[in-house]
Every structure is written in structure tokens, then in C-alpha cells.
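Trainee: Taken in order, these protein sequences are the chains called A and B. Just so you know, this note's numbering puts 18 at position 18 of the first sequence, and the rest follows in order with no gaps. Just so you know, this note's numbering puts 209 at position 209 of the second sequence, and the rest follows in order with no gaps.
FYI, nobody ran anything at the bench for these hints, they're computed from the structure. Wrong hints could be hidden among the right ones.
Cβ-Cβ distance ranges computed for the label pairs, FRET-style [what the hints assert, rightly or not]:
1) A/Gln36 x B/Asp123: 26 to 32 Å
2) B/Asp2 x A/Arg52: 38 to 44 Å
3) A/Gln42 x B/Cys10: 23 to 29 Å
4) A/Gly46 x B/Gly25: 39 to 45 Å
5) B/Ala76 x A/Gly46: 21 to 27 Å
6) A/Gln42 x B/Glu14: 23 to 29 Å
7) B/Glu30 x A/Arg43: 37 to 43 Å
8) A/Arg43 x B/Val204: 28 to 34 Å
Some chain A residues judged to face chain B by a derived CB distance under 7 Å, without partners named [unchecked claim]:
9) Leu7
10) Glu32
11) Pro45
12) Leu65
Glycine is no exception: its CB is placed at the ideal position from the N, C-alpha and C atoms.
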Amino acid sequence: MNGWAELDRFLHTDPQDVGCDKAMAMLHVYVELVAQEAGAEQRYPGIAAHLRACGPCSEDFEGLLAAVCGQLD
Amino acid sequence: MDEISATRACLDAESGEWLRVLTCGGAEQEAAVGRLHGLLLRIARNEVRRRGVQLRVTGPELDDLAYQAAADALLAITSKIGEFRGESRFTTWAYKFVILEVSVKVGRHFWRRCPAVPFEGADWERLPDRFGFDPARESEWRDLLAALRRAVQEKLTERQRRIFVAIVLNGVPLDALVLQLGSNRNAIYKTMFEARRKLRAALVANGYVDSDLSRRS
């Protein structure tokens, strides 16, 4: 990714973004929908927008998804 | 019917059983708590290993962090079990606690290991590298980044500027900054969100980028 694209990504703010607290409150529900490919982004667009922009919450999402998927193996 | 029994009635079988054994008392509950701790510890170990690259720790220190996260998560889960509403499987809800505990401990670990990382004082020379601008093509981005720097200095509040500098220029992880400022992740994120919005608006207003933020040719 070049500098322009990275700066673009960094400065972009999505009005749907729900913030960390609301995203984390529903993370367990969101992760199960993702794991089941059950339309998580469509059902929770505000959480999807947040996870695209927030590094720490995205890291938690990846960790929980890995835990849940590992459990399903 | 109490609240936990009412929740249990509409759960999948496995989650219902977890809820039953974790609240039944006696030796059965004790055994269930032990099993849950084992599961949490396994998840915590996997998670600290997954994040190991950014932690730059290995061996006993990594395992100690996993133990602490699992123990704290277990405590939180058993004290909040009445708040489980069955919106997901019980284990998914429980694993969230241990993942978040790992997150907090990673932030603390950074803070303890790297106390010298500056929260104040902006190293503007890092800005091009932070966004991956090619030094060989400096003539193409020099004015844009100068405008960004001006916007940081003129458009942001003192708090917004301080947080921008710490995270973007000095590379302080957001969770470590939370500890440093005695704040919380949501508050820091919201501050950065507003700062990003202002910086974008300033660059658009001065013609450095289009409103969709694509590069002006």
C-alpha cells in the first residue's frame, strides 16, 4: 500500500462507526455470525465500520474469531 | 424461576449445561470452574502466542501473561454469569473475557517494557515513513504532509494533538496510551476519530485531496 492510500485509509471516518464500547459489548455475537458466515456486516454495519478503523478492537476480534474457529475444528 | 434459570431455558444444550454447573454449588461447580479455567488458559496461551510478535516476549514470561489473563477472566466470568443472555454460545461469551484480558495485559506489558517511549514531543520526520511514502518521490508528497502537519498544529485541540502525536508519530499503542492517560479505549478512540475527521476536512478545504480523499492529480 502506498502513502496516499494509507493516509486515505487513516483519515477516513465512517459515521456508522459505533466506537469501541458498543463494538466490544456485542463482539461475541458478531464473531459467531462471522464464523457462521451469517451476514455479520449486514446485521451490524456499525461494528463492521468500527473494526475496519480501530486497530486494537480489530485485534480482539481476530483473537476471538481464532478462538471460536479453533473450538469448531 | 430465577433469572439464570430463565436464561438457561432458551439456550443451546451445551451453554445451558455450562450455566447449570457453574451455578449449582458444591463439588460439581468447583469441577466446572476448573474445566472452564483450563479452557480459558488454552485460549489465553494461543492468543498471547498469536500476539507474540508485537510483544517481543517468549517462554515463561509469555506463559505468565496467559495465566494472569485466564485467572482474571475466570473471576470476571463467574461474577458476571448472571449477565449472560444467551445471545451467543456460552463459550464464545466467556472467551471474549479472556481475549480482552490479554489485550489489557499486552498494553501494560508495553508500558512496563518501554517506559522511555515518548508520549510528548513530536518527531515529524517519522510522518512519511508512518504512512509509507516513498522517499524517492518526496516532491510528490512534500506539500501534502506539510499541510497535514499545519492542520495538526492549527486545527486540533491540545488533547487531540497530544494523542495524535503519541499514536501516529511516536508509535505508542492505543492501549498503552489508555494506561498512561488513565483513560479508556473508547475515549481515546473517539478523540482520534474527531482528530482524523478534522484533518481530512482541512486537507480537503485546502485542495490537497478531493472530498473522497483520492489523490488530486
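Trainee: It remains to establish, for every hint, whether it holds in the given structure.
Mentor: Hints, verified against the model:
1. Checking the proposed 26 to 32 Å range against A/Gln36 and B/Asp123 shows it is violated: the Cβ atoms sit about 45 Å from each other.
2. As the Cβ distance of B/Asp2 to A/Arg52 is approximately 41 Å, the hint placing it in 38 to 44 Å holds.
3. Judged by the Cβ atoms, the range 23 to 29 Å given for A/Gln42 and B/Cys10 holds: they are separated by roughly 24 Å.
4. Roughly 40 Å separates the CB atoms of A/Gly46 and B/Gly25, a value that falls within the hinted 39 to 45 Å.
5. Between B/Ala76 and A/Gly46 the Cβ separation comes to about 25 Å, which falls inside the hinted range of 21 to 27 Å.
6. For the hinted restraint 23 to 29 Å between A/Gln42 and B/Glu14, the CB-CB distance of approximately 27 Å keeps it satisfied.
7. Checking the proposed 37 to 43 Å range against B/Glu30 and A/Arg43 shows it holds: the Cβ atoms sit about 39 Å from each other.
8. Taking 28 to 34 Å as the suggested C-beta distance range, the pair A/Arg43 and B/Val204 conforms, at roughly 32 Å.
9. Using the Cβ-Cβ criterion of 7 Å, the hint placing A/Leu7 at the interface with chain B is satisfied: the shortest such distance is roughly 5 Å.
10. Because the closest C-beta pair between A/Glu32 and chain B is about 5 Å apart, less than 7 Å, the hint holds.
11. Taking 7 Å as the C-beta cut-off, the interface hint given for A/Pro45 is violated, the closest approach to chain B being about 16 Å.
12. Evaluation of the A/Leu65 hint against chain B yields a violated restraint, the C-beta minimum of about 10 Å exceeding 7 Å.
Hint compliance for this structure: hints 1, 11, 12 are broken, all remaining hints hold.
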